[in-house]
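Participant: Chain by chain, the residues:
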Amino acid sequence: MTVTELVSYEAALAGYDPVMGLEVHVELGTRTKMFCGCSTELGAEPNSQTCPICLGLPGSLPVVNSIGVESAIKIGLALNCEIAEWCRFARKNYFYPDMPKNFQTSQYDEPIAFNGYLDVQLEDGEIFRVEIERAHMEEDTGKSTHVGGATGRIHGASHSLLDYNRAGIPLIEIVTKPIEGAGERAPEVAKAYVAELRELIKALGVSEARMDKGQMRCDVNLSLRRHGVEKFGTRSETKNVNSLRSVERAARFEIQRHAAVLESGGTIVQETRHFHEEDGSTTSGRIKDNAEDYRYFPEPDLVPVAPSREWVEELRAGLPELPRLHRKRLREEWGISEHDMQSILNAGAVDLIVATTDAGAPADQARKWWMGELSRNANESGRALDELPISPAQVARVTALVASGDLNDKLARQVIEGVLAGEGDPDTVVDKRGLKVVSDDGALGTAVEEAIASNAAIADKIRGGKVAAVGALVGAVMKATRGQADAARVKELILEKLGVSEG
Amino acid sequence: MPGITREEVAHLARLARLELSGEELDHFAGQLGDIIGAVARVAEVADQDVPPTSHPLPLTNVMRADEVRPSLTPEQALSGAPAQEQQRFKVPQILGED
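Chains A and B supply the protein sequences, listed in that same order.
Just so you know, we're using the UniProt record's numbering here: the first sequence kicks off at 1 and counts up by one.
Just so you know, we're using the UniProt record's numbering here: the second sequence kicks off at 1 and counts up by one.
Mixed in with the good hints, there may be bad ones.
Some but not every residue of chain B turned toward chain A, in silico, with C-beta under 8 Å [what the hints assert, rightly or not]:
no. : residue
1   : Val-62
2   : Arg-64
3   : Ala-65
4   : Asp-66
5   : Glu-67
6   : Arg-69
7   : Leu-72
8   : Ala-77
9   : Gln-86
10  : Gln-87
11  : Phe-89
In silico lysine-lysine, BS3-like type, Cα no more than 30 Å apart, as pairs [stated by the list, open to error]:
no. : chain 1 : residue 1 : chain 2 : residue 2
12  : A       : Lys-410   : A       : Lys-466
13  : B       : Lys-90    : A       : Lys-239
14  : B       : Lys-90    : A       : Lys-92
15  : A       : Lys-239   : A       : Lys-177
16  : A       : Lys-213   : B       : Lys-90
17  : A       : Lys-497   : A       : Lys-466
18  : B       : Lys-90    : A       : Lys-143
In case anyone wonders, no lab produced these hints; they're calculated from the structure.
Glycine included, C-beta positions come from ideal geometry on N, C-alpha and C.
I would like the entire structure built from these sequences, with the hints used as guidance.
Facilitator: And the structure:
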């Protein structure tokens, strides 16, 4: 891998304006593929979800999935797009074994949705409008495994193995118009756009849009032009940038790399580039693109799609509240800052917190657990928050046990730990581990007497009026009861015993 | 008169990963030219008022419900594969040596 010379980000921005184009592919959550009835279930045995249609066998005829079209229209409407009154599918011809048909069924010059926008909110609350060029329907490709080369790379491989279970799963490709005027915030805009799009897709219920599972993938096109110049520079296309953080890093890296090339008097080559998670760099795709000539033509096997205006309006009326507005409303309800809300969004915790409050927990408690203990656990175990083996209802149950005084915070943490360790639901963990706040006076009384007896000096101070010293005795009782005592009740009992009143 | 040049045939052959000899290029350019010429005769009868037609039937919105139908078994799916390995289709090296 050649080392790429970079100029500093500040220097790059001092000389140039970045222009970006973002292409996002979303795998829809339909039960079946776009053009056939094969299941889309993940994790199946290789080539167990294929049929003559998705294998492109002679004589097979595709039929479009109605939910695929409906989802495309919903996405288009949520992105403020116009919906085509009539549009066709097209064959995108290419010879590469990830599609057994030798073409991908896509849409070419007649996308189902076009001319829209998405308003995204940056970290400081500023709203940036990203214009949408189009959203069109297509299908995913099969999965290749390259054998015989170093670490599964296509270069140096002796042969490749293909699993076509994924071939034909519905994809919606969403393409922005050139994003101009973001300046130094271009990488942040790119990240915020993809984040907002992900929330939107989830809110529409058309896909889980998990980037870590490849259900949403982003290509970052980027070019630089000198300040004051109108014409765009030559762009690079960084493929398959698959996390929000990577989108930001890839844009930033390409700004610095382009500037370095241009500053040294070089020219940018229009090419595909690969992003590397380890160091945030990109390298040339090296796959020679000179044969890129897809010979698009209308797909003769699929009739045109002409969504009636009634259907479109019906779908429009059923759109959910936009995520940005939904978050604004939640933020006001919860009484938290923009920054805290942004953290919750970035952590992927919005829906989980809402579900926890829906299950009866106070919002501040729900936030505390998801953004504290549970976020920490997720980070440590390298999982997404919603992959943790604890449900919002279980978190709500823990907060209820705290509210009723059955648990204190320390014990609640142990209950959460038990649930995460697979010991059962909160009540089971409480029983099994014997985690109950002890507020029973009989049980506490002994511990209180022992604490007073072994800390006579402190007890005397308290008797003498230094009530603040009671903390040390409470601590001793808590220690003796391994944190299970009700601290407030312990304090009352100690003061009672010593004949002191708090006032 | 529409037709196809030898260069266009060579380009298409490369896109399709077909290795054609010079002789074959001449041969196919002639044959394909004849076919295109024959089809182009449609243009003689199609007047200005006839729009280009991609689908002869006046059908739109043919869709199916999102319901799972049985797939082939992996054995059936792979039965036509020239080569297989680990229950997957085995294909030759994709990128040549640079």
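Participant: Now tell me, hint by hint, if it's right for this structure.
Facilitator: Checked hints:
About 5 Å separates the beta-carbon of B/Val-62 from the nearest beta-carbon of chain A, less than 8 Å, and the hint is met. Look at B/Arg-64: its Cβ gets to within about 5 Å of chain A, closer than 8 Å, so that hint holds up. With a least beta-carbon distance of about 6 Å to chain A, the hint placing B/Ala-65 at the interface is held under the 8 Å criterion. The closest approach between the C-beta of B/Asp-66 and any C-beta of chain A is roughly 4 Å, which is under the 8 Å cut-off, so the hint is satisfied.
A cut of 8 Å between beta carbons decides the hint on B/Glu-67: the least distance to chain A is about 6 Å, and the hint holds. Using the Cβ-Cβ criterion of 8 Å, the hint placing B/Arg-69 at the interface with chain A is satisfied: the shortest such distance is roughly 3 Å. Annotation: B/Leu-72 was flagged as interfacial toward chain A, and the flag holds, the nearest CB pair being 6 Å apart, inside 8 Å. Taking 8 Å as the C-beta contact cut-off toward chain A, the hint placing B/Ala-77 at the interface holds, the least distance being around 5 Å.
Against a cut-off of 8 Å between C-beta atoms, the interface hint on B/Gln-86 holds, since the closest Cβ of chain A lies about 6 Å away. Interface restraint check: B/Gln-87 against chain A, minimum CB-CB distance 4 Å, threshold 8 Å, status holds. Against a cut-off of 8 Å between C-beta atoms, the interface hint on B/Phe-89 holds, since the closest Cβ of chain A lies about 4 Å away. Proposed proximity of A/Lys-410 and A/Lys-466 is supported: the alpha carbons are some 28 Å apart, at most 30 Å.
Between B/Lys-90 and A/Lys-239 the alpha-carbon distance is near 25 Å, which keeps this suggested pair within the 30 Å criterion. With a C-alpha separation of about 23 Å, the suggested pair B/Lys-90 and A/Lys-92 falls inside the 30 Å cut-off, and the hint holds. Between A/Lys-239 and A/Lys-177, the direct Cα distance comes to roughly 17 Å. Compliance with the 30 Å bound is thereby established for this hinted pair. Between A/Lys-213 and B/Lys-90 the alpha-carbon distance is near 25 Å, which keeps this suggested pair within the 30 Å criterion.
Simply put, A/Lys-497 and A/Lys-466 have alpha-carbon atoms about 15 Å apart, close enough for the 30 Å limit, and the pair holds. A threshold of 30 Å between alpha carbons decides the hint, and for B/Lys-90 with A/Lys-143 the separation of about 12 Å falls inside it, so the pair holds.
Checked against the numbered hints listed earlier, the structure breaks none of them; every hint is satisfied.
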